[in-house]
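Engineer: Sequence:
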Amino acid sequence: MSKALIVFSGGQDSTTCLAYALKHYDEVETITFHYNQRHAEEVEIAQKIAKDFNVKNTCIDVSLINDLTENALTRDIDIKSDGDVPNTFVPGRNILFFNIASIAAYQIGADTIVTGVSETDFSGYPDCRSDFVTALEHAIHLGLDRHIKIDTPLMDKDKSEVWEMADELGVFDYVKNETLTCYNGIKGSGCGECPACILRNEGLEEYEKRKFN
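Residue numbers (the working numbering): 4 to 216.
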């Protein structure tokens, strides 16, 4: 029996990963992190989607990260993408998330953590790269003396390919209408102006053009 724990935000990527996990693993649970992000809707949407897919969701308070870092996802400041790393990058977020997820996976007997990180459309975030995930997986193995795989099914996919994957998994319409990716907390196609919406909607347009032309 294989069991997977999904790092789950209720966005396009993690919801596609949830559908993927339900197809590839015998048992699936989700874990969501509340870190006083810009909008509480993210947590509410994640819990609703988990319920819709009939999987358990555990929400963990990691608001301490808010005390350690200032960025556009934990503060009410303008989102900027200039420079090497955009100010929506939360330093250490994925390090913290994956470490906590590994503890939860250990406790529930899960052999895999599934996450929607991608180094193709990673928005400049260094903790979404394959090298980081591989190194952290090794460290977790050493620290827990148990191999817990970090499965990254989107790692080599751009956003149009993630839409294609959602379509193949039969959740395209659900992902399009019910997930929340927008930095301003608007479900579905979002505000259309923030970097997350632009990336998501451009990927959707590219996939639909490829599919129907």
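What the hints contain is simulated information worked out from the structure, not anything from laboratory work. It is possible that some hints are incorrect.
What the hints assert, rightly or not - Ranges of calculated distance between the beta carbons of each label pair, as one might list FRET restraints:
{"id": "1", "residue 1": "ILE103", "residue 2": "ASN204", "range": "37 to 43 Å"}
{"id": "2", "residue 1": "HIS141", "residue 2": "GLY191", "range": "16 to 22 Å"}
{"id": "3", "residue 1": "GLU171", "residue 2": "SER5", "range": "16 to 22 Å"}
{"id": "4", "residue 1": "GLN110", "residue 2": "HIS37", "range": "37 to 43 Å"}
{"id": "5", "residue 1": "HIS37", "residue 2": "GLU208", "range": "29 to 35 Å"}
{"id": "6", "residue 1": "GLY173", "residue 2": "SER5", "range": "30 to 36 Å"}
{"id": "7", "residue 1": "PHE215", "residue 2": "ARG132", "range": "19 to 25 Å"}
{"id": "8", "residue 1": "HIS141", "residue 2": "SER5", "range": "18 to 24 Å"}
{"id": "9", "residue 1": "GLU30", "residue 2": "GLY195", "range": "35 to 41 Å"}
{"id": "10", "residue 1": "LYS6", "residue 2": "ASP148", "range": "14 to 20 Å"}
{"id": "11", "residue 1": "ALA138", "residue 2": "LYS6", "range": "22 to 28 Å"}
{"id": "12", "residue 1": "GLN110", "residue 2": "SER133", "range": "35 to 41 Å"}
{"id": "13", "residue 1": "LEU202", "residue 2": "ASP176", "range": "28 to 34 Å"}
Every value quoted in this text rests on a predicted model; they were computed, and no experiment measured them. Every residue, glycine too, gets a C-beta built ideally from N, C-alpha and C.
Engineer: Does each hint hold? Answer for all of them.
Structural biologist: Do the hints match the structure? See the list:
1. For ILE103 and ASN204, the hinted distance range of 37 to 43 Å is not satisfied, since their beta carbons lie about 31 Å from each other.
2. Evaluation of the 16 to 22 Å hint for HIS141 and GLY191 yields a failure: the beta carbon distance comes to about 38 Å.
3. Taken as a hint, the range 16 to 22 Å holds for the pair GLU171 and SER5, whose Cβ atoms sit roughly 21 Å apart.
4. Against the hinted window of 37 to 43 Å, the Cβ-Cβ separation of GLN110 and HIS37 comes to about 19 Å, which falls outside the hint.
5. Between HIS37 and GLU208 the C-beta distance comes to about 32 Å, which sits within the given range of 29 to 35 Å.
6. A hinted range of 30 to 36 Å for the beta carbons of GLY173 and SER5 is inconsistent with their spacing of about 21 Å.
7. Hint check: PHE215 to ARG132, Cβ distance near 33 Å, so the stated range 19 to 25 Å is violated.
8. Taken as a hint, the range 18 to 24 Å holds for the pair HIS141 and SER5, whose Cβ atoms sit roughly 21 Å apart.
9. Between GLU30 and GLY195 the CB atoms are about 37 Å apart, so this pair conforms to the stated range of 35 to 41 Å.
10. Checked against the hint of 14 to 20 Å, the pair LYS6 and ASP148 passes, with Cβ atoms roughly 18 Å apart.
11. Separated by about 24 Å at the C-beta atoms, ALA138 and LYS6 satisfy the suggested range of 22 to 28 Å.
12. A hinted range of 35 to 41 Å is violated for the C-beta pair GLN110 and SER133, which are about 27 Å apart.
13. Distance hint for LEU202 and ASP176: a CB-CB separation of about 20 Å, inconsistent with the stated range 28 to 34 Å.
Comparing the model with each numbered hint stated earlier shows that hints 1, 2, 4, 6, 7, 12, 13 do not hold.
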